[in-house]
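Asks: Build the full structure now, drawing on both the sequences and the hints.
The listed protein sequences correspond, in order, to chains A, B, C and D.
Quick note: the first sequence uses our numbering, first residue 37, plus one each step.
Quick note: the second sequence uses our numbering, first residue 37, plus one each step.
Quick note: the third sequence uses our numbering, first residue 37, plus one each step.
Quick note: the fourth sequence uses our numbering, first residue 37, plus one each step.
Identical chains share a label here; the pair holds if one copy fits it or two copies do between them.
Restricting the straight-line Cα-Cα distance to at most 30 Å, the calculated cross-link-like pairs of lysine-lysine (DSSO-like) are:
#1 K119 x K53
#2 K40 x K175
#3 K175 x K70
#4 K119 x K70
#5 K226 x K81
#6 K132 x K303
#7 K70 x K388
#8 K336 x K119
#9 K81 x K53
#10 K53 x K175
#11 K388 x K128
#12 K128 x K303
#13 K130 x K336
#14 K244 x K388
#15 K345 x K303
#16 K303 x K130
#17 K132 x K119
#18 K53 x K117
#19 K226 x K119
#20 K303 x K244
#21 K354 x K303
#22 K175 x K117
#23 K40 x K388
#24 K345 x K388
#25 K53 x K70
Rather than coming from a laboratory, the hints here were simulated on the basis of the structure.
4 protein chains.
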Amino acid sequence: MRGKEFSFSLFGESHGKVVGVLIEGCPPGLEVDKQEMRVDLERRKGKKRFSTERRERDEPEILSGIFNGRTTGAPITVVVKNKDVDSTFYEKIKDKPRPGHSDYTAGEKYYGYNDHRGGGVFSGRLTVGTVIAGYFAKKILSRRGVEIRAFIKSIGGIECGGCDLEDIFHEDFELCPDDDAWERMHGLMKEVQDDGDSIGGIVEVVAKDVVSGLGGPFDEDLAADISKNFFCIPAVKGVEFGSGFEVSEMRGSEANDEFYFEDGEVKTSSNHCGGILGGISNGMPIVARVAFKPTPSIFKEQGTVDLEKGEDTGLRLKGRFDSCIVPKTLSIVEARMAVVLADHLLRWYSWKEFMNLERE
Amino acid sequence: MRGKEFSFSLFGESHGKVVGVLIEGCPPGLEVDKQEMRVDLERRKGKKRFSTERRERDEPEILSGIFNGRTTGAPITVVVKNKDVDSTFYEKIKDKPRPGHSDYTAGEKYYGYNDHRGGGVFSGRLTVGTVIAGYFAKKILSRRGVEIRAFIKSIGGIECGGCDLEDIFHEDFELCPDDDAWERMHGLMKEVQDDGDSIGGIVEVVAKDVVSGLGGPFDEDLAADISKNFFCIPAVKGVEFGSGFEVSEMRGSEANDEFYFEDGEVKTSSNHCGGILGGISNGMPIVARVAFKPTPSIFKEQGTVDLEKGEDTGLRLKGRFDSCIVPKTLSIVEARMAVVLADHLLRWYSWKEFMNLERE
Amino acid sequence: MRGKEFSFSLFGESHGKVVGVLIEGCPPGLEVDKQEMRVDLERRKGKKRFSTERRERDEPEILSGIFNGRTTGAPITVVVKNKDVDSTFYEKIKDKPRPGHSDYTAGEKYYGYNDHRGGGVFSGRLTVGTVIAGYFAKKILSRRGVEIRAFIKSIGGIECGGCDLEDIFHEDFELCPDDDAWERMHGLMKEVQDDGDSIGGIVEVVAKDVVSGLGGPFDEDLAADISKNFFCIPAVKGVEFGSGFEVSEMRGSEANDEFYFEDGEVKTSSNHCGGILGGISNGMPIVARVAFKPTPSIFKEQGTVDLEKGEDTGLRLKGRFDSCIVPKTLSIVEARMAVVLADHLLRWYSWKEFMNLERE
Amino acid sequence: MRGKEFSFSLFGESHGKVVGVLIEGCPPGLEVDKQEMRVDLERRKGKKRFSTERRERDEPEILSGIFNGRTTGAPITVVVKNKDVDSTFYEKIKDKPRPGHSDYTAGEKYYGYNDHRGGGVFSGRLTVGTVIAGYFAKKILSRRGVEIRAFIKSIGGIECGGCDLEDIFHEDFELCPDDDAWERMHGLMKEVQDDGDSIGGIVEVVAKDVVSGLGGPFDEDLAADISKNFFCIPAVKGVEFGSGFEVSEMRGSEANDEFYFEDGEVKTSSNHCGGILGGISNGMPIVARVAFKPTPSIFKEQGTVDLEKGEDTGLRLKGRFDSCIVPKTLSIVEARMAVVLADHLLRWYSWKEFMNLERE
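Replies: This is how it looks when you write it as structure tokens:
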């Protein structure tokens, strides 16, 4: 993600030495607490029961950019070592691309030179770096009072019920604010897992207390930047803001969010636009939903091709896989929202003080 | 849109002198036919009956980058002059932001210095430049055999029925391949218009004969770039690829697209992924859907604020507005898909011949 | 020039309809005075006697981004129409690249599709857009008190004598603060012109009252950005800062600029570094020199190739050319310095207020 | 350095855990030979006698992007661990910026949060990553037959005598092709060292067999990109191409390089332009010179300020320093030339095959 002020680059492979991230443009002086960083990294591993149990603790190792416990302003590099990786099975299926995975397209892109083991650079494991970048972005945002929270909106069509947007920041839940719905989602995940299959879902994410005026027209569009970042998360197939696809069925008189004053601040009485109007934040909560496909790693026999032999064949995967990756994605989705908002917030400051100069 | 090889920048205002576009990175030698350019510009104005009847012909004037009827490789600038613009009404509502419009957020972004007349730089009129950029991008793509077509998928919940993806490139339709559905959409648009209201809809777009291997991981993700571009179109609130949000309800055994060989080429038996796996094109048609909100310009009384007086107030718009902008967006959606694919295609070539060097 | 906050793109051709510029990232609210803009454009045309006398007045036409006499914050487009252009001669020499000109390399780059007339997009005339971008950049800088001034340091080896850097901002000179030297330069230019030849020179440029802390390591290096911009000016073959190439002959004990306090501010007792240390401004004047080659347009017979016939041939140019372009470059060099400093100043603000947040 | 196709980002600090580099856009399939990489890294450490004798072997550790001994196309990360670092002295001078060093400006840029030990991120040690990036860039170039070689042009005004540009690629020299001059340079370096002082110098670099057509107008200017990269090397104060600053004293009839045919290829009879015309390579050798200031680390007493106390003070450095860093810079200068040419070469391919499509 290359923002104008805040950027990060991911590196590493699933079965390589490390996964990591290089962060550029993070302001100096931010206190770094590894324990906080670990919390988001642990969230990225989801509930133990339904996640791939690769028994490694993701311990972040800081290689650069931190001095005396604070960011220096220089590039920050953090790596997490990979462990316990057996690549034997991947050698066996080297020429048989797994359906729904990037095996085939990675080979096309990289002329067959890609590290195919465990998906290589396309592995979900690379999101470790995203979460770490998100940690720093959230630190930037929190200084301005911006908070971000993601939760499971649905799994396999089972929807999280009425959740007040303000409440989700106060309620003490881990994955989904609706306990009943989560019970049923949980049951479905187990059922699907017993069946050797997988299931998709939707994550909703909210950013509150965002200043108005972030973003702009064309390439500066805030929704466009956020959306690009969400689609950089593996397995995402859809992104919407506010009322999203539903708004296509609405009338203007319903979809338009009316303005009113509250304590001298401009608010809107509804938030169908999801906090972004004309590509610019309006000060209301930014609300987005991200659709994840079921993880393509399933235990059922699937049809594929043998690229070596040039013929159709079948494939049955082995190993330990999540039946549903959605619970693992919350800190990733939050991170992607955070990095865009941090970049736009820093850009916003570049004009803000300059405009004050004039008014002196 | 700043691609690595192909870029464009929009400029102009709704009630200013011109709207236009500067295109950088377009290869030399492409024949330019203004009549073809006009066709997409006319499509951008939609059916006369349901569109804002600003009686101007959008005549493209080429300022740079074309010589002897062909692109030179240097920056291309094209402008379209604005005409017939009465800004009186906009002066009256200067301090009363129209709900659902960018008036309020533009003022926040630009500290009140923005040209507010007709939405200024945020006006849908700026998509003239997008369509012109798309014209050049399509020329690049067509040399490689890539074709793009958009159609109305739904308006106000009325859905276009079974349309075979291959057929939409051959069928001779203007807006929607399903005549019956279009009849009903048309009826709804009229009904809504008579009611002084507006209605949203969904556009589907397909790119076929795209080479496999476009895109990549992280910032190179093809879906991410396309999505970013779609969200740069005014009024877009959702984007999805392939089975999109529906995939969140699917099982992996259903959502995974199985590979097989057809005439020596790798194909997939379904296309739930919408032609993009791991951020990279797989050679199948790229299929995306874009959700448009109802145009916020309606004739009903709406609540807003008076920013000058600092109090709540009401607003009733005057003028001629579309009840539904969806029919006007087809060439814009196609253009946004085209510019991303053209950029990624040119980038793909940068490795392709280099890789051949090795194999000599 | 694509800065992170302030950017501009040039377009147009020497014998095309217009030359122009698209400026992105200029803050809103800056008053625009066309008369001021014209002054820099007139400076770009230099002394009448020694410049190509294409009798056009460069009248800037603003196409976008200005409203009520001020910048809006949206993209600014300005064009200047071309006039009086006779391309006949250029048709005759189409296949005979002029030595020292870009004719040959432009053909290589653009596969022969380039507009070759008058150098096309490579013409010095394109610097009109640079000067206009510089006008806006200077407006940004002046709000913070930064001033930039360029002068002729030497022509054909005749050097401008002792000029106190502070004085050049107060002295009322047009091209060179040393009247005697200028007299001799002027004589040399006339002599060279009578001989049908041309002569090179060096421009020195100074920016004063620049805040310390602009720039950074690696890609953020301020000298690197300025240098890149200077080399984007046609005919530049060398760039140096402070004592520049001479520093290669110095000892560290001489070249190191010692620090001291003056009225509570850190200053250096010498300025061999030219105001930039470690890629970052130190608050002292930024001093750079730019070497221009003699304009390649001369009236003497020269050897070249006939690309059509594939054989060596000769060439004698016709027309009106400057014997020395250096006097015309002052506002261009200033503009290139200004755009980099404006970009870095805006970036500097993006951290400045953020850092204040912490200290509250 | 962010090219359009090939990029790299440096990270690490002089006294931190590692220095390293992240390389993006390197094509897949390039064989990686660590021994070759070590050669350039050893060259970066120069002659033992005159270089800072920090007794660490720079052993590159590859963290990502290499698989089965070849590049994969994914991001490449290489780090070199730091060793033997005693930061005691730097703590003592924390508030006394060393003249000529980045200590003061780094503090200004980073609000005092920078890692000041050994210059932190501004240390010459960071060029380890540049040399590694150059290793990969050279591999790309060599597949197309492009070779790059740098040599010492002068130290303290002692100039390398007549060196035929073609010869420097065949001659077996380490630092300077003129043995006599090198003897005298060597003597001067020793003399300066005994005096506790340092001395500057100039490096010349040549790239041969570069294809014509790399680069372009404006932001694509090849000289501008190379120059920007050279100025990113610590201690560089001047850059020139071809006859460089001398060209300012030439007449056009002398400076213009005449074209002629040789074996069907267009050549120039002289190379005052240094292989770049109008920002585009002309197929002749690209020749540039880079001026290095004397390293600011000297043993003489120098005046500086005490930022803590707010008063003027003196400073005498301790440790082991090079009296001249120029011999250590050759592989760095080559690397900076290589990364720009590699990026532009890959970009050149993006049009090349596309243009062939048309002519089929």
